[in-house]
Amino acid sequence: MFKVKDTIIAGILAGWMGNVVKEVLTWSFYLMGWVRYTFVHIAAGFYYSKENIDAPFSLVTGVITDWTIAGTFGVILLYLLRYTGSDYAIFKGIGLGSLVYVITFGIGMALDITRATLITPLPDFLLIMSHLTIGGVSGWALEKHFGNIVSLKLQKTKTREHIVILKPYIFNGAIVPKKPKKIMSVRSQNKKK
807 MFKVKDTIIA GILAGWMGNV VKEVLTWSFY LMGWVRYTFV HIAAGFYYSK
857 ENIDAPFSLV TGVITDWTIA GTFGVILLYL LRYTGSDYAI FKGIGLGSLV
907 YVITFGIGMA LDITRATLIT PLPDFLLIMS HLTIGGVSGW ALEKHFGNIV
957 SLKLQKTKTR EHIVILKPYI FNGAIVPKKP KKIMSVRSQN KKK
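In short: position in the sequence shown from 1, add 806, done, that's my numbering.
Treat the hints as calculated values from the structure; they're not laboratory data.
One or more of the hints may lead you astray.
Pair by pair, the computed Cβ-Cβ distance ranges are [to be verified]:
{"hint": "1", "residue 1": "D918", "residue 2": "D860", "range": "16 to 26 Å"}
{"hint": "2", "residue 1": "D930", "residue 2": "L837", "range": "17 to 27 Å"}
{"hint": "3", "residue 1": "D918", "residue 2": "V830", "range": "24 to 34 Å"}
Predicted model, so just to flag it, every value in this text is computed and none were measured.
Think of the CB as a built atom: it goes at the ideal place given N, C-alpha and C, for glycine as much as any other residue.
From just these sequences and the hints, can you work out the full model?
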(Lines of atoms letter the chains of each structure in order from A and count residues from 1; the text may use other names and numbers.)
(Lines give C-alpha, C1' and ligand atoms only; values in the text may rest on other atoms or scores of the structure.)
Protein backbone atom coordinates (compact mmCIF):
# COMPACT_ATOMS: atom_id res chain seq x y z
CA MET A 1 0.00 0.00 0.00
CA PHE A 2 1.28 3.46 -0.86
CA LYS A 3 1.64 6.02 1.91
CA VAL A 4 -0.37 8.70 0.11
CA LYS A 5 -2.83 10.52 2.35
CA ASP A 6 -4.32 12.98 -0.13
CA THR A 7 -7.51 11.99 -1.93
CA ILE A 8 -6.78 13.85 -5.16
CA ILE A 9 -3.22 12.55 -5.49
CA ALA A 10 -4.37 8.97 -4.82
CA GLY A 11 -7.07 9.26 -7.48
CA ILE A 12 -4.66 10.73 -10.00
CA LEU A 13 -2.10 7.98 -9.37
CA ALA A 14 -4.75 5.26 -9.73
CA GLY A 15 -5.97 6.84 -12.97
CA TRP A 16 -2.42 6.98 -14.26
CA MET A 17 -1.83 3.33 -13.38
CA GLY A 18 -4.84 2.43 -15.49
CA ASN A 19 -3.70 4.77 -18.23
CA VAL A 20 -0.33 3.03 -18.55
CA VAL A 21 -2.10 -0.23 -19.41
CA LYS A 22 -4.57 1.58 -21.69
CA GLU A 23 -1.77 3.31 -23.59
CA VAL A 24 0.23 0.09 -24.00
CA LEU A 25 -2.86 -1.59 -25.48
CA THR A 26 -3.76 1.32 -27.72
CA TRP A 27 -0.24 1.88 -29.06
CA SER A 28 0.02 -1.88 -29.71
CA PHE A 29 -3.18 -1.70 -31.75
CA TYR A 30 -1.81 1.37 -33.55
CA LEU A 31 1.53 -0.27 -34.40
CA MET A 32 -0.27 -3.38 -35.69
CA GLY A 33 -2.38 -1.15 -37.94
CA TRP A 34 -5.69 -2.04 -36.29
CA VAL A 35 -6.49 1.54 -35.27
CA ARG A 36 -5.67 4.71 -37.14
CA TYR A 37 -5.56 6.96 -34.06
CA THR A 38 -4.52 6.42 -30.45
CA PHE A 39 -6.02 8.31 -27.55
CA VAL A 40 -3.10 10.72 -27.80
CA HIS A 41 -4.06 11.47 -31.42
CA ILE A 42 -7.73 11.82 -30.49
CA ALA A 43 -6.86 14.19 -27.63
CA ALA A 44 -4.63 16.22 -29.97
CA GLY A 45 -7.58 16.39 -32.35
CA PHE A 46 -9.41 18.52 -29.77
CA TYR A 47 -7.00 21.35 -30.57
CA TYR A 48 -5.49 20.80 -34.01
CA SER A 49 -6.66 20.08 -37.55
CA LYS A 50 -6.56 16.56 -38.97
CA GLU A 51 -3.44 17.37 -40.98
CA ASN A 52 -1.50 18.45 -37.87
CA ILE A 53 -2.48 15.62 -35.51
CA ASP A 54 0.76 13.70 -36.16
CA ALA A 55 3.03 16.72 -35.56
CA PRO A 56 5.35 16.29 -32.54
CA PHE A 57 3.98 19.26 -30.58
CA SER A 58 0.43 18.12 -31.31
CA LEU A 59 1.25 14.73 -29.84
CA VAL A 60 2.80 16.36 -26.75
CA THR A 61 -0.42 18.32 -26.27
CA GLY A 62 -2.37 15.10 -26.78
CA VAL A 63 -0.27 13.27 -24.18
CA ILE A 64 -0.83 16.02 -21.60
CA THR A 65 -4.56 16.07 -22.33
CA ASP A 66 -4.88 12.28 -22.23
CA TRP A 67 -3.03 11.95 -18.92
CA THR A 68 -5.04 14.81 -17.43
CA ILE A 69 -8.26 13.05 -18.39
CA ALA A 70 -6.93 9.79 -16.93
CA GLY A 71 -6.07 11.49 -13.63
CA THR A 72 -9.52 13.05 -13.48
CA PHE A 73 -11.03 9.63 -14.20
CA GLY A 74 -9.13 8.20 -11.21
CA VAL A 75 -10.34 10.96 -8.88
CA ILE A 76 -13.96 10.47 -9.98
CA LEU A 77 -13.64 6.72 -9.48
CA LEU A 78 -12.16 7.23 -6.01
CA TYR A 79 -15.10 9.39 -4.95
CA LEU A 80 -17.52 6.90 -6.51
CA LEU A 81 -15.95 4.09 -4.50
CA ARG A 82 -15.95 6.19 -1.35
CA TYR A 83 -19.66 6.95 -1.79
CA THR A 84 -20.80 3.46 -2.83
CA GLY A 85 -18.22 1.34 -1.02
CA SER A 86 -15.12 -0.37 -2.34
CA ASP A 87 -16.77 -3.75 -2.87
CA TYR A 88 -16.40 -4.83 -6.52
CA ALA A 89 -14.08 -1.88 -7.22
CA ILE A 90 -12.84 -3.45 -10.44
CA PHE A 91 -16.37 -3.86 -11.83
CA LYS A 92 -17.32 -0.34 -10.77
CA GLY A 93 -14.21 0.93 -12.55
CA ILE A 94 -15.14 -1.02 -15.68
CA GLY A 95 -18.64 0.47 -15.50
CA LEU A 96 -17.28 4.00 -15.18
CA GLY A 97 -14.84 3.33 -18.03
CA SER A 98 -17.68 2.24 -20.29
CA LEU A 99 -19.72 5.31 -19.29
CA VAL A 100 -16.80 7.60 -20.13
CA TYR A 101 -16.42 5.82 -23.47
CA VAL A 102 -20.10 6.28 -24.31
CA ILE A 103 -19.96 9.96 -23.40
CA THR A 104 -16.64 10.64 -25.11
CA PHE A 105 -17.04 8.59 -28.26
CA GLY A 106 -20.79 8.32 -28.55
CA ILE A 107 -21.73 11.91 -27.83
CA GLY A 108 -18.32 13.50 -28.43
CA MET A 109 -17.80 12.02 -31.87
CA ALA A 110 -21.39 12.84 -32.86
CA LEU A 111 -20.76 16.48 -31.94
CA ASP A 112 -17.41 16.53 -33.80
CA ILE A 113 -15.44 17.57 -30.71
CA THR A 114 -12.28 16.01 -32.15
CA ARG A 115 -11.00 15.95 -35.72
CA ALA A 116 -9.89 12.31 -35.40
CA THR A 117 -12.63 9.91 -36.45
CA LEU A 118 -13.21 6.18 -36.12
CA ILE A 119 -14.49 4.87 -39.44
CA THR A 120 -14.84 1.11 -38.96
CA PRO A 121 -16.20 -0.99 -36.08
CA LEU A 122 -12.85 -2.65 -35.25
CA PRO A 123 -11.15 0.52 -33.90
CA ASP A 124 -14.31 1.36 -32.02
CA PHE A 125 -14.35 -2.07 -30.37
CA LEU A 126 -10.62 -1.99 -29.55
CA LEU A 127 -10.86 1.46 -28.01
CA ILE A 128 -13.82 0.48 -25.84
CA MET A 129 -11.76 -2.48 -24.62
CA SER A 130 -9.03 0.00 -23.68
CA HIS A 131 -11.55 2.06 -21.71
CA LEU A 132 -12.76 -1.02 -19.87
CA THR A 133 -9.12 -1.77 -19.07
CA ILE A 134 -8.38 1.67 -17.62
CA GLY A 135 -11.48 1.35 -15.46
CA GLY A 136 -10.61 -2.12 -14.22
CA VAL A 137 -6.96 -1.35 -13.49
CA SER A 138 -7.80 1.96 -11.79
CA GLY A 139 -10.43 0.22 -9.64
CA TRP A 140 -7.94 -2.49 -8.74
CA ALA A 141 -5.28 0.11 -7.86
CA LEU A 142 -7.69 2.02 -5.63
CA GLU A 143 -8.76 -1.16 -3.87
CA LYS A 144 -5.28 -2.65 -3.53
CA HIS A 145 -2.98 0.33 -3.02
CA PHE A 146 -5.22 3.18 -1.85
CA GLY A 147 -7.84 1.34 0.19
CA ASN A 148 -7.05 3.43 3.26
CA ILE A 149 -8.02 6.60 1.41
CA VAL A 150 -11.10 5.16 -0.24
CA SER A 151 -12.57 3.94 3.05
CA LEU A 152 -14.20 6.46 5.35
CA LYS A 153 -14.38 3.93 8.20
CA LEU A 154 -10.74 4.54 9.08
CA GLN A 155 -11.37 8.26 9.39
CA LYS A 156 -14.39 7.69 11.66
CA THR A 157 -12.35 5.35 13.85
CA LYS A 158 -9.60 7.94 14.19
CA THR A 159 -12.17 10.57 15.16
CA ARG A 160 -13.60 8.29 17.85
CA GLU A 161 -10.10 7.64 19.18
CA HIS A 162 -9.44 11.37 19.44
CA ILE A 163 -12.71 11.89 21.32
CA VAL A 164 -11.84 9.12 23.79
CA ILE A 165 -8.40 10.65 24.36
CA LEU A 166 -9.76 14.19 24.82
CA LYS A 167 -12.81 13.24 26.91
CA PRO A 168 -11.12 13.57 30.35
CA TYR A 169 -9.72 16.97 29.41
CA ILE A 170 -13.02 18.31 28.12
CA PHE A 171 -15.11 17.39 31.14
CA ASN A 172 -12.66 18.17 33.98
CA GLY A 173 -14.39 21.42 34.84
CA ALA A 174 -11.85 23.77 33.33
CA ILE A 175 -13.28 23.73 29.85
CA VAL A 176 -16.94 23.30 30.77
CA PRO A 177 -18.61 26.72 30.76
CA LYS A 178 -19.82 28.17 34.04
CA LYS A 179 -23.50 28.42 34.76
CA PRO A 180 -24.73 31.77 33.45
CA LYS A 181 -25.96 34.37 35.93
CA LYS A 182 -29.63 35.09 35.95
CA ILE A 183 -30.24 38.38 34.20
CA MET A 184 -33.09 40.47 35.43
CA SER A 185 -34.87 42.64 32.95
CA VAL A 186 -35.93 46.24 33.48
CA ARG A 187 -39.55 45.12 33.69
CA SER A 188 -38.91 42.69 36.50
CA GLN A 189 -37.19 45.43 38.51
CA ASN A 190 -40.15 47.80 37.99
CA LYS A 191 -42.61 45.16 39.16
CA LYS A 192 -40.74 44.69 42.44
CA LYS A 193 -41.08 48.41 43.33
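Structure-based check of each hint:
1. D918 x D860: 16 to 26 Å: Given range 16 to 26 Å: holds, Cβ gap about 19 Å.
2. D930 x L837: 17 to 27 Å: holds, 18 Å
3. D918 x V830: 24 to 34 Å: Cβ of D918 to Cβ of V830: about 29 Å, so the range 24 to 34 Å holds.
In summary, this structure violates none of the numbered hints.
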